[in-house]
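2 protein chains.
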Amino acid sequence: MLPVETSLELREKYSHDWTEDLRFLPDAVALPSTSEELQKVLAYAYERDIPIIPSGGRTGLSGGMLPVYGGWVVSLEKLNRLRRIDTQNLLAVVEAGVITQTLHEAVEAVGLFYPPDPSSRGSCTIGGNIAHNAGGVRAVKYGTTREYVLGLEAFLPDGRPLRTGSATVKNSTGYNLTQLLVGSEGTLAVIHTATLKLLPKPRHVRTLLYGFSDARAAVAAVVEILQNGILPTAIEFMERDAVLFGQAYLGEKLYPGAEEVGGLLLIEVDGTYPETLEAECAEIEKYAFAGGAVRSWYAQTADERERLWKLRRCLGVAVKSSGPYKEEDTVVPRAVLPELLEKVKALGRQYGFRSVCYGHVGDGNLHVNILRDGLDDRAWREEVPKAVEELFRFVVANGGAISGEHGIGWVQRRYMPIQFDPVQLTLMRELKRVFDPKGLLNPGKIFP
Amino acid sequence: MLPVETSLELREKYSHDWTEDLRFLPDAVALPSTSEELQKVLAYAYERDIPIIPSGGRTGLSGGMLPVYGGWVVSLEKLNRLRRIDTQNLLAVVEAGVITQTLHEAVEAVGLFYPPDPSSRGSCTIGGNIAHNAGGVRAVKYGTTREYVLGLEAFLPDGRPLRTGSATVKNSTGYNLTQLLVGSEGTLAVIHTATLKLLPKPRHVRTLLYGFSDARAAVAAVVEILQNGILPTAIEFMERDAVLFGQAYLGEKLYPGAEEVGGLLLIEVDGTYPETLEAECAEIEKYAFAGGAVRSWYAQTADERERLWKLRRCLGVAVKSSGPYKEEDTVVPRAVLPELLEKVKALGRQYGFRSVCYGHVGDGNLHVNILRDGLDDRAWREEVPKAVEELFRFVVANGGAISGEHGIGWVQRRYMPIQFDPVQLTLMRELKRVFDPKGLLNPGKIFP
Numbered sequence: 013m014l015p016v017e018t019s020l021e022l023r024e025k026y027s028h029d030w031t032e033d034l035r036f037l038p039d040a041v042a043l044p045s046t047s048e049e050l051q052k053v054l055a056y057a058y059e060r061d062i063p064i065i066p067s068g069g070r071t072g073l074s075g076g077m078l079p080v081y082g083g084w085v086v087s088l089e090k091l092n093r094l095r096r097i098d099t100q101n102l103l104a105v106v107e108a109g110v111i112t113q114t115l116h117e118a119v120e121a122v123g124l125f126y127p128p129d130p131s132s133r134g135s136c137t138i139g140g141n142i143a144h145n146a147g148g149v150r151a152v153k154y155g156t157t158r159e160y161v162l163g164l165e166a167f168l169p170d171g172r173p174l175r176t177g178s179a180t181v182k183n184s185t186g187y188n189l190t191q192l193l194v195g196s197e198g199t200l201a202v203i204h205t206a207t208l209k210l211l212p213k214p215r216h217v218r219t220l221l222y223g224f225s226d227a228r229a230a231v232a233a234v235v236e237i238l239q240n241g242i243l244p245t246a247i248e249f250m251e252r253d254a255v256l257f258g259q260a261y262l263g264e265k266l267y268p269g270a271e272e273v274g275g276l277l278l279i280e281v282d283g284t285y286p287e288t289l290e291a292e293c294a295e296i297e298k299y300a301f302a303g304g305a306v307r308s309w310y311a312q313t314a315d316e317r318e319r320l321w322k323l324r325r326c327l328g329v330a331v332k333s334s335g336p337y338k339e340e341d342t343v344v345p346r347a348v349l350p351e352l353l354e355k356v357k358a359l360g361r362q363y364g365f366r367s368v369c370y371g372h373v374g375d376g377n378l379h380v381n382i383l384r385d386g387l388d389d390r391a392w393r394e395e396v397p398k399a400v401e402e403l404f405r406f407v408v409a410n411g412g413a414i415s416g417e418h419g420i421g422w423v424q425r426r427y428m429p430i431q432f433d434p435v436q437l438t439l440m441r442e443l444k445r446v447f448d449p450k451g452l453l454n455p456g457k458i459f460p
Numbered sequence: 013m014l015p016v017e018t019s020l021e022l023r024e025k026y027s028h029d030w031t032e033d034l035r036f037l038p039d040a041v042a043l044p045s046t047s048e049e050l051q052k053v054l055a056y057a058y059e060r061d062i063p064i065i066p067s068g069g070r071t072g073l074s075g076g077m078l079p080v081y082g083g084w085v086v087s088l089e090k091l092n093r094l095r096r097i098d099t100q101n102l103l104a105v106v107e108a109g110v111i112t113q114t115l116h117e118a119v120e121a122v123g124l125f126y127p128p129d130p131s132s133r134g135s136c137t138i139g140g141n142i143a144h145n146a147g148g149v150r151a152v153k154y155g156t157t158r159e160y161v162l163g164l165e166a167f168l169p170d171g172r173p174l175r176t177g178s179a180t181v182k183n184s185t186g187y188n189l190t191q192l193l194v195g196s197e198g199t200l201a202v203i204h205t206a207t208l209k210l211l212p213k214p215r216h217v218r219t220l221l222y223g224f225s226d227a228r229a230a231v232a233a234v235v236e237i238l239q240n241g242i243l244p245t246a247i248e249f250m251e252r253d254a255v256l257f258g259q260a261y262l263g264e265k266l267y268p269g270a271e272e273v274g275g276l277l278l279i280e281v282d283g284t285y286p287e288t289l290e291a292e293c294a295e296i297e298k299y300a301f302a303g304g305a306v307r308s309w310y311a312q313t314a315d316e317r318e319r320l321w322k323l324r325r326c327l328g329v330a331v332k333s334s335g336p337y338k339e340e341d342t343v344v345p346r347a348v349l350p351e352l353l354e355k356v357k358a359l360g361r362q363y364g365f366r367s368v369c370y371g372h373v374g375d376g377n378l379h380v381n382i383l384r385d386g387l388d389d390r391a392w393r394e395e396v397p398k399a400v401e402e403l404f405r406f407v408v409a410n411g412g413a414i415s416g417e418h419g420i421g422w423v424q425r426r427y428m429p430i431q432f433d434p435v436q437l438t439l440m441r442e443l444k445r446v447f448d449p450k451g452l453l454n455p456g457k458i459f460p
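Sequence order for the protein chains is A and B.
Heads up: the first sequence begins at 13 in our numbering, then just goes up one per residue.
Heads up: the second sequence begins at 13 in our numbering, then just goes up one per residue.
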């Protein structure tokens with residue numbers, strides 16, 4: 013018997029992710045517990061031309077798992093075994109449904125480290141992280157999910173098994189199908205197992221928070237720090253509006269005076285020896301204050317570190333709980349960030365929306381949250397997309413991309429022609445056809 | 013007029029790379045100086061069904077640029093402009109023909125760092141490095157070429173321009189064509205410009221050399237070092253036979269007593285503060301001696317560092333100058349290395365060949381050089397490939413790959429079915445067809 017259910021309750025549960033307020037009811041939900049069951053589900057559906065929508069933790073922000081044309085949502089959540097943590101070779105073999113934080117804790121317990129750390133780590137899955145090439149706060153130093161995926165086990169839409177890569181950190185053998193699947197948002201194959209690269213766990217961490225008079229100064233300080241050979245783990249930015257928003261949500265002023273500055277930089281360094289980190293912090297401090305920092309807050313204890321992160325960590329939920337909004341995931345070369353921020357605010361004035369911006373400034377990745385507030389239906393459905401289009405044109409013209417870590421999914425696909433010309437789009441469509449000739453795998457995603 | 017020449021002298025010059033003693037004469041050689049010229053050459057050849065073989069520094073070890081079916085070698089060597097080094101955003105925009113060492117020197121002059129460092133850095137090109145996903149000695153800490161390629165400008169075989177990626181370190185926008193082109197060995201498109209990620213230049217470096225009683229002990233020490241949170245830049249291994257070979261070639265005993273040990277580990281660490289490196293060296297020393305090191309040599313000065321690297325750096329040329337040989341580029345999870353080494357030696361005894369092994373032990377990448385010595389034609393052409401096949405079966409069965417950094421090219425393609433099943437091979441062929449429907453781009457490579 014196939015592990016497929018059709019109760020309305022279950023179908024409703026799998027009708028949405030964290031993207032805006034969008035809901036699409038699937039015809040059924042499959043919950044395979046083994047790769048064999050998954051294979052049977054796929055083969056059965058393929059023969060009957062049933063669309064398949066792979067699903068992880070349903071924390072996506074681009075609607076990548078929405079069953080927009082019905083079909084079956086195939087949730088990988090029961091394929092959640094940590095098959096192997098290999099302390100000799102610094103790698104892990106995990107099933108797609110493993111929660112990211114579960115992997116973090118398991119490898120850290122044996123002195124190892126899996127760097128990708130999306131905000132949703134407590135509920136997102138490794139499979140979903142791979143499908144979207146998830147980033148997170150540690151990408152400045154450690155890169156994104158793609159840097160940690162060495163090999164994959166997947167099924168093609170018709171159920172044929174596809175293995176890619178190897179259990180090695182180097183590989184120049186044939187086309188890199190692994191990296192083609194990473195970030196393909198479940199449109200090419202259904203990933204069920206991944207071999208991941210691990211690192212030794214950094215022994216010590218230090219966290220710093222600086223208030224800058226303005227965003228331009230904050231970003232300039234980041235450039236100065238990096239150019240001088242300091243490579244922090246995380247460099248997070250929050251504009252003043254985000255600080256106010258977060259404080260209102262939390263109902264407390266975590267960092268007295270933070271609301272008076274133009275923007276905050278949260279910087280974390282990690283390493284092997286405390287002495288080094290103290291020296292790095294002293295250098296960061298020097299560049300920060302020389303570059304226009306006007307306030308600073310430090311963490312001495314784990315509790316205080318947690319407190320420095322609290323505002324930043326709450327922003328996603330704070331924005332979400334405030335009502336309807338659109339989250340754009342712009343990424344630009346980092347020196348372009350001040351202009352990008354100005355562009356967002358100028359568009360807000362022009363189109364009449366309020367925005368809250370924050371993000372991974374060390375990577376140039378700015379999350380632009382456009383709040384609906386009192387906008388009427390027409391403005392929300394017709395005018396705001398025009399503003400987003402203008403924003404994305406600015407991003408692409410400056411060497412950036414319309415998604416840094418959330419993916420294109422359902423809600424961003426209309427903007428793809430801003431990033432890609434017909435040659436590129438046609439090529440991508442043809443690649444899709446090689447993997448999925450019937451077009452049954454996650455239809456309606458990525459392509460405009 | 014097209015920049016195409018047909019003199020025998022030039023055709024002979026472009027008839028070979030560093031692979032064994034193989035030579036194939038192209039029908040002509042194109043030497044475009046601009047991307048516009050390159051585009052014209054491609055469009056002209058495409059219309060006339062002329063095979064195109066992209067070529068970089070011709071330092072390849074798998075015959076990737078050999079014009080095995082004639083056609084035109086298109087050398088990118090005159091497309092060698094360093095278009096931009098962006099110190100604000102830590103990136104470089106370079107043309108494919110830039111020599112890797114030229115890029116190293118240019119970015120280091122402004123305090124930045126491009127980590128990939130193949131042995132042939134003085135003559136190989138960035139385009140060739142990208143085509144093969146070149147590795148080198150710093151991959152333990154910094155990864156291979158693929159980690160530094162953010163975006164590409166290329167031409168499809170018919171001359172249509174193809175841009176991939178962006179100038180950002182993060183990007184989750186559409187399929188990752190950049191990473192599909194990296195390592196595709198000039199079979200999908202002709203890359204002419206790359207946007208590369210740079211890092212801050214490490215301020216200090218320390219180099220250590222240890223002699224171990226046997227290879228197993230050396231590898232176990234590597235695992236111990238990594239597990240304890242020390243991440244060296246380089247961890248190179250030389251078996252005793254390689255030490256003897258190198259010393260004979262150099263005509264000097266660089267490290268007295270080195271010939272008496274089972275194998276050498278060359279370890280380099282880099283970082284921001286000398287104190288940290290001293291502490292890391294002390295820890296490495298502790299793990300090395302606890303793990304069976306019996307001798308050690310240190311570098312205090314730049315000259316002494318050079319001396320510690322000299323033996324390792326000479327091995328490629330030493331082997332090449334000794335007569336005909338085959339270089340295999342095995343990679344396995346690093347803890348498998350001692351067994352891999354035993355397997356090589358056992359195969360040597362069985363098939364009657366001598367081998368010299370060394371490589372990037374921190375990555376599990378072992379270069380296995382099989383010397384022809386006195387083997388007769390039949391043994392060399394029929395028996396040795398059987399041994400290689402057995403070797404590769406061992407590698408794949410242990411989670412490894414048949415090429416870690418050299419690529420498949422012409423000489424390894426017959427072994428592809430050991431790594432890949434028909435599903436994978438068919439998929440790769442179909443991907444090739446999407447890019448190159450006429451099969452004109454670097455024909456005869458990668459596929460068996």
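Think of the hints as simulated: they come from the structure by calculation, not from any bench.
Among the hints, a few may not be true.
[Unchecked claim] In the SDA-like style, the derived pairs of lysine to any residue whose C-alpha atoms are separated by at most 20 Å in a straight line are:
hint : chain 1 : residue 1 : chain 2 : residue 2
1    : A       : Lys153    : B       : Tyr299
2    : A       : Lys153    : B       : Tyr285
3    : A       : Lys153    : B       : Thr99
4    : B       : Lys213    : A       : Cys293
5    : A       : Lys213    : B       : Tyr299
6    : B       : Lys153    : A       : Val217
7    : B       : Lys209    : A       : Cys293
[To be verified] One-sided and incomplete, this derived list gives chain B residues near chain A with beta-carbon spacing under 7 Å:
hint : residue
8    : Ser47
9    : Leu94
10   : Ile97
11   : Thr180
12   : Leu192
13   : Val235
14   : Glu236
15   : Gln239
16   : Gly241
17   : Val343
18   : Lys355
19   : Asn377
20   : Ser415
21   : Thr438
22   : Val446
Where is the CB? At the ideal position from N, CA and C, for every residue including glycine.
- request: Please name the hints from earlier in the document that this structure breaks, with their numbers sorted from lowest to highest.
  value: 1, 7, 8, 9, 10, 14, 18 and 21
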